[in-house]
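Take the given structure of chain E and dock chain H to it, following the hints.
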Amino acid sequence: MFHTQLLHLIKHELSLEMKQKHFLSSIILYIVSTIFVCSLSFTSISETSIWNALFWIIILFSLTNAISKSFLSENSDKQLFLYTLINPKVLILGKIIYNLVLSILLVVLSFIVFNIFIQSDGLTDMNYPLFFLAVLLGSTSLSSTLTMVSAIASKTNNNIGILSILAFPILIPSILLSIQFSNLAINGGTTDMAGQFIVFLSLINLLIIILSFLLFPYLWRE
Amino acid sequence: MKTVKKHWWKALSVILLVYTFGFSFLVPLSPSIKSASPSSLKLGENNVLFTGYNTNFSPQDEIHVAIEFEKQTLICGTNVTVLNENQIQARFIIPDSLPSKVLHVRLHTNRFSCFSPELIKAFSIIESPIESAQCATHNLADVVPLDIPNRLQLNETIRNLMFHVPMWFTMMVILTLSFWYSIKYLNTFDLKYDRIAREAVNIGLLFAVLGLVTGSIWAKFTWSEHTDLFTSSGWWVNDVKLNGAAITTLIYLAYRILRNSLQEANQKAKVSAVYNIFAFVLMLVFIMILPRITDSLHPGNGGNPAFGKYDLDNTLRMVFYPAVLGWILLGVWMLSLKKRISTIENTLDDE
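Residue numbers (this note's numbering), protein chains in the order written: chain E, 1 to 222; chain H, 1001 to 1351.
Just so you know, not all the hints are guaranteed correct.
[Unchecked claim] In the DSS-like style, the derived pairs of lysine-lysine whose C-alpha atoms are separated by at most 30 Å in a straight line are:
1. H:Lys1241 <-> E:Lys69
2. H:Lys1034 <-> E:Lys89
3. E:Lys89 <-> H:Lys1184
[Unchecked claim] Distance windows between CB atoms, simulated:
4. H:Asn1187 <-> E:Leu82: 21 to 27 Å
5. H:Glu1156 <-> E:Phe42: 45 to 51 Å
6. E:Met193 <-> H:Ile1341: 52 to 58 Å
7. H:Leu1043 <-> E:Gln119: 32 to 38 Å
8. H:Gln1072 <-> E:Ser44: 55 to 61 Å
[What the hints assert, rightly or not] Computed list of chain E residues with no C-beta within reach of chain H, every gap over 10 Å:
9. Lys11
10. Lys19
11. Lys21
12. Leu24
13. Pro88
14. Ile97
15. Leu105
16. Val108
17. Thr124
18. Asp125
19. Met126
20. Met148
21. Asn157
22. Leu166
23. Gly188
24. Asp192
What the hints contain is simulated information worked out from the structure, not anything from laboratory work. Just so you know, these numbers come straight off a predicted model, no measurement behind them. Glycine is no exception: its CB is placed at the ideal position from the N, C-alpha and C atoms.
Next up, chain H with everything else stripped away, as it sits in the complex:
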């Protein structure tokens, strides 16, 4: 009973991480339309070819397509034909009075419903108010299947959300612990706390490196298409959050170098605790202030660095929050192990 009381959070961490891995690698992506050609419409008759992902169209499917603008149906598609499991063709007749806006096509089948990427109406002769049309939409999908949202640009890489983002959360928690133990050390001058602060920095750095690597891979495969927005497109872009991550890594690598260049244990502890506190507070300032004055590629940015603006849907929330908790618990678990190892090493050195 005592063991359960003491170690339940470790078991929780394992369960949450197994759940995270299982969910994010086994659950399929929701069906979606990835491209439409031609991507801009002209007046009169248009035959548009839609290419989907995970759609599994079959001739038995009942498929409806309609052009929408801000959730209002404008034009219904006719002659929907299934070409193969991921491609359909539909015909739209564009009248000369349509709001000249960016339009979407909504696609309904009896299994799912999704949006196409933006279709741009090439020109409009008469700028008219929106008149909604009524399309035949019976037999809609009423059961929402369990799947991971399929977003433009992100595609399958959205699964990385459960790994990349929690790395930073865990790093911040571990580094806050390190900061806390440095303060504790300066209050008590007990070398025990200094050892915890040191190990926390090492583990924080590990998570920072993992966050950089997962983020770098993610950036390479999603942002590199945005070449019109950013001059560099590759493993690294000049983004405020990336700079924050790089600075954090540099600060704590410097902390390690500072420790290594001091000899005497008490002096080492005192000087590095002072630097840890000084650097941590200024790093927090950086993370709080700079996103407010510069824009970022990351979601939920452009004025607000706070969490909560990530456009997560309910399925992602269902696994994202457990993933964050699981990774944080794992980090704390690693810290407690490293702390015990360093205590043993210390006692052995003394003998």
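Chain E extracted, bound-state conformation:
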């Protein structure tokens, strides 16, 4: 019951996305133009830590933009309809999974574009599998937090402004951990050295998902 509902919901989200292609393309364009502006201002970054921090800041802003609409696009009639059909816990889980997939796509895309436009000499030592693990764990916690907070922010009128105000302070721990983790990967660290980052980031992710799971029904029951 639970997983069939979940699957249907994710399918529903996906078909919605396909119908509104302009939204996805606008986010992609947003990412590309942000990176292009950065490349014009930096061209080449010799410090890998600055390269890394810039990458994460671009990811933070693009994901905030991408996820801000996840509860906004649904007008109240449809919300009422969904509410009668499915369990709110399924709904938040479906939204988180869908947003996770979306953000991984966007992050991979930004990594490719970022690498093309902004060079850094220090990237030769990079441990790619570890770097992608860092990106995966980091974007999981970004997207799940942003999903939950956008559910909160959608209750107000000023959605995107409130979303940033509410989410950024909560996101700082995961952003800082992700930046340190990927810095380690860029400098050629191994999985043994990254042990505590993997543990802490996974714990944060788990905590965020459990909290959303427990708290979302109270928002939905409006």
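This is chain H only, laid out in the frame that chain E set:
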């Protein structure tokens, strides 16, 4: 009798805070040596000038100085002369065999005993094992006077310990109460609990601002000398605890903005309770995890965020723990007053 039973903790809070203020502003700092010149020793004869604080040397004082390394006396000072009430001069003869380590000078008088700042022996010709010397040390101070420890860098600012640190303790207690009442609200949907949670956040923010201000002043006057360790030295440094404090303040300011942007009372209560719980748990995670992976300027850090590693001595403990309890009780008292005010306002609005 009933009033006493109901309000004794308020009286306790006042007594503890009066005690805290009295102790931390009236008790003098212990005498100590603040500087030694020259600060590095050379072989042979050295005349070292010690400048103290609160020392009140007088020619009648019996003063002994000795170079120590890890509590072992190595060389006794001779020809100790009192220049004025805060300065003395002593002569040390440095042999060519001495462990080339950072050394201290211990100073004894018949009134007190203290350490000088580190003296560095410039070079040592022969790295020798430690041989302790026996200096004449009679008439030592045997009564420990009541005073606040005088630490290098901290000086008089150590008194701020009774104000700055308890602000964070109180803030955390009040915010935990707010978290608790938000959970209670979601279980009962009784708006009474939502009002308590809201007022607790306001009071928590007040304590956060006070903690930031007292901390900022303290940092300015103590850490700003550590320019070799940190690039910025001023009212704000990039330290993990400061970031934690800033994040906490930002989260709860956002909570207030969220409340203000919602109109309907039940919706406001529900949405802000959800955010309060979500944010509080993640803030706790931040406070628990990040200090473990980054170093901090604060005492007791570099791997352990827990309390108990503060290098407090017994005199400081005697006033620090009452101060913490007093401030927490004051915070709870403020919360109970604000709760009553908001209940009255609410009833008036309904009528």
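Structure-based check of each hint:
1. H:Lys1241 <-> E:Lys69: violated (34 Å)
2. H:Lys1034 <-> E:Lys89: Not OK: H:Lys1034 and E:Lys89 at ~64 Å, beyond 30 Å, violated.
3. E:Lys89 <-> H:Lys1184: holds (21 Å)
4. H:Asn1187 <-> E:Leu82: 21 to 27 Å: holds (25 Å)
5. H:Glu1156 <-> E:Phe42: 45 to 51 Å: Between H:Glu1156 and E:Phe42, where Cβ atoms are some 47 Å apart, the hint holds.
6. E:Met193 <-> H:Ile1341: 52 to 58 Å: holds (54 Å)
7. H:Leu1043 <-> E:Gln119: 32 to 38 Å: Given a distance of about 56 Å, which is not inside 32 to 38 Å, the answer is violated.
8. H:Gln1072 <-> E:Ser44: 55 to 61 Å: The hint (55 to 61 Å, Cβ to Cβ) holds, given that H:Gln1072 and E:Ser44 are roughly 57 Å apart.
9. Lys11: With a cut-off of 10 Å, E:Lys11 remains clear of chain H, as the shortest Cβ separation is near 28 Å.
10. Lys19: Holds, since 29 Å exceeds 10 Å.
11. Lys21: With a cut-off of 10 Å, E:Lys21 remains clear of chain H, as the shortest Cβ separation is near 32 Å.
12. Leu24: holds (28 Å)
13. Pro88: holds (12 Å)
14. Ile97: Its Cβ never comes within 10 Å of chain H, the nearest being 19 Å, so this holds.
15. Leu105: Given that every Cβ of chain H is farther than 10 Å from that of E:Leu105, nearest at about 26 Å, it holds.
16. Val108: Consistent with the label, E:Val108 stays out of reach of chain H, its closest Cβ about 26 Å off (over 10 Å).
17. Thr124: Holds, since 26 Å exceeds 10 Å.
18. Asp125: holds (21 Å)
19. Met126: holds (21 Å)
20. Met148: Per Cβ check, E:Met148 is inside 10 Å of chain H; nearest 6 Å; violated.
21. Asn157: The claim breaks: E:Asn157 does not keep its Cβ more than 10 Å from every Cβ of chain H (closest is about 7 Å).
22. Leu166: For E:Leu166, whose nearest Cβ neighbour in chain H is about 5 Å away, the distance does not exceed 10 Å, so it is violated.
23. Gly188: Consistent with the label, E:Gly188 stays out of reach of chain H, its closest Cβ about 19 Å off (over 10 Å).
24. Asp192: Nearest chain H Cβ is 15 Å from E:Asp192, so the label holds.
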